[in-house]
Amino acid sequence: MKQFKYRLETVLDYKTQVLDNLKTEHAVIIQKVNRKQEEILGLHRELTGFESEFDRAKEEGATIENYRLFDLCIGRMEEIIDEEKERLNVLKRQEEEKKQQVITAKVDTSKFERLKDKKLKEYQKAAAKADELFIEEFVSGNTLRIRPQHRG
135 MKQFKYRLET VLDYKTQVLD NLKTEHAVII QKVNRKQEEI LGLHRELTGF ESEFDRAKEE
195 GATIENYRLF DLCIGRMEEI IDEEKERLNV LKRQEEEKKQ QVITAKVDTS KFERLKDKKL
255 KEYQKAAAKA DELFIEEFVS GNTLRIRPQH RG
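First residue of the sequence shown: 135, per my numbering; consecutive thereafter.
FYI, nobody ran anything at the bench for these hints, they're computed from the structure.
It should be emphasised that the depicted structure is a prediction, and the values quoted were computed from it without experimental measurement.
Check before you lean on any hint, since a few could be wrong.
[Claimed, not checked] Only pairs whose alpha carbons sit at most 27 Å apart, straight line, appear in this in silico DSSO-like list of lysine-lysine:
hint, residue 1, residue 2
1, K219, K149
2, K157, K263
3, K263, K149
4, K240, K136
5, K233, K245
6, K136, K263
7, K250, K136
8, K166, K240
9, K219, K139
10, K166, K226
11, K139, K226
12, K245, K149
13, K240, K157
14, K250, K233
15, K166, K232
16, K149, K139
17, K170, K263
18, K250, K149
19, K226, K149
20, K245, K157
21, K233, K170
22, K219, K157
23, K166, K245
24, K139, K253
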């Protein structure tokens, strides 16, 4: 019997390659999300530092200009944090979209893999059946050849 050949192997290879590329893209976006979260945490630490210094300056007594400067710095830092949080939300939406693409591609690839497995099992059953028939024919052929020799 001829060797097993899956007719859709090139399609399966293509689907697998697409899936792998999507997984890589998804990993890159996750990395960006993680970096953005770390960046936001760093900005929060900076804001906390400004607020601590502002509290200290209030206790020591500061000029109105210093109050205003701290107020501007704290306000701007809060704006920056809000902007970065919005960018983080955009990245999270991109990550979710890419995740859905990965899931869709995985389902698509799985269909071809299951079909290949099914075809391979069918091939193996057919091969086993062909082997059985060959053995039966070989044994029965030998039996026929042996019997006439014993009669003679």
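Hint check results:
1. K219 / K149: Since the Cα atoms of K219 and K149 sit roughly 35 Å apart, the hinted pair is violated (cutoff 27 Å).
2. K157 / K263: Not satisfied, since the Cα-Cα distance of roughly 41 Å exceeds 27 Å.
3. K263 / K149: violated, 33 Å
4. K240 / K136: violated, 31 Å
5. K233 / K245: holds, 18 Å
6. K136 / K263: holds, 14 Å
7. K250 / K136: holds, 17 Å
8. K166 / K240: Cα-Cα ~23 Å, so holds.
9. K219 / K139: With Cα atoms ~52 Å apart, K219 and K139 exceed 27 Å; violated.
10. K166 / K226: Distance of about 9 Å is within 27 Å: holds.
11. K139 / K226: Since the Cα atoms of K139 and K226 sit roughly 42 Å apart, the hinted pair is violated (cutoff 27 Å).
12. K245 / K149: holds, 10 Å
13. K240 / K157: At roughly 10 Å apart (the allowed maximum being 27 Å), K157 and K240 satisfy the hint.
14. K250 / K233: Between K250 and K233 the Cα gap is close to 25 Å, so the pair holds against 27 Å.
15. K166 / K232: holds, 13 Å
16. K149 / K139: Holds: K149 and K139 sit about 18 Å apart, inside 27 Å.
17. K170 / K263: Outside the cut-off at roughly 61 Å; violated.
18. K250 / K149: It holds: about 13 Å lies between the C-alpha atoms, which stays within 27 Å.
19. K226 / K149: Answer holds: K226 to K149 is near 25 Å, not above 27 Å.
20. K245 / K157: holds, 18 Å
21. K233 / K170: holds, 18 Å
22. K219 / K157: Distance of about 25 Å is within 27 Å: holds.
23. K166 / K245: With a Cα-Cα distance of about 31 Å, the restraint between K166 and K245 is violated, given a limit of 27 Å.
24. K139 / K253: holds, 9 Å
The structure shown violates the earlier hints numbered 1, 2, 3, 4, 9, 11, 17 and 23.
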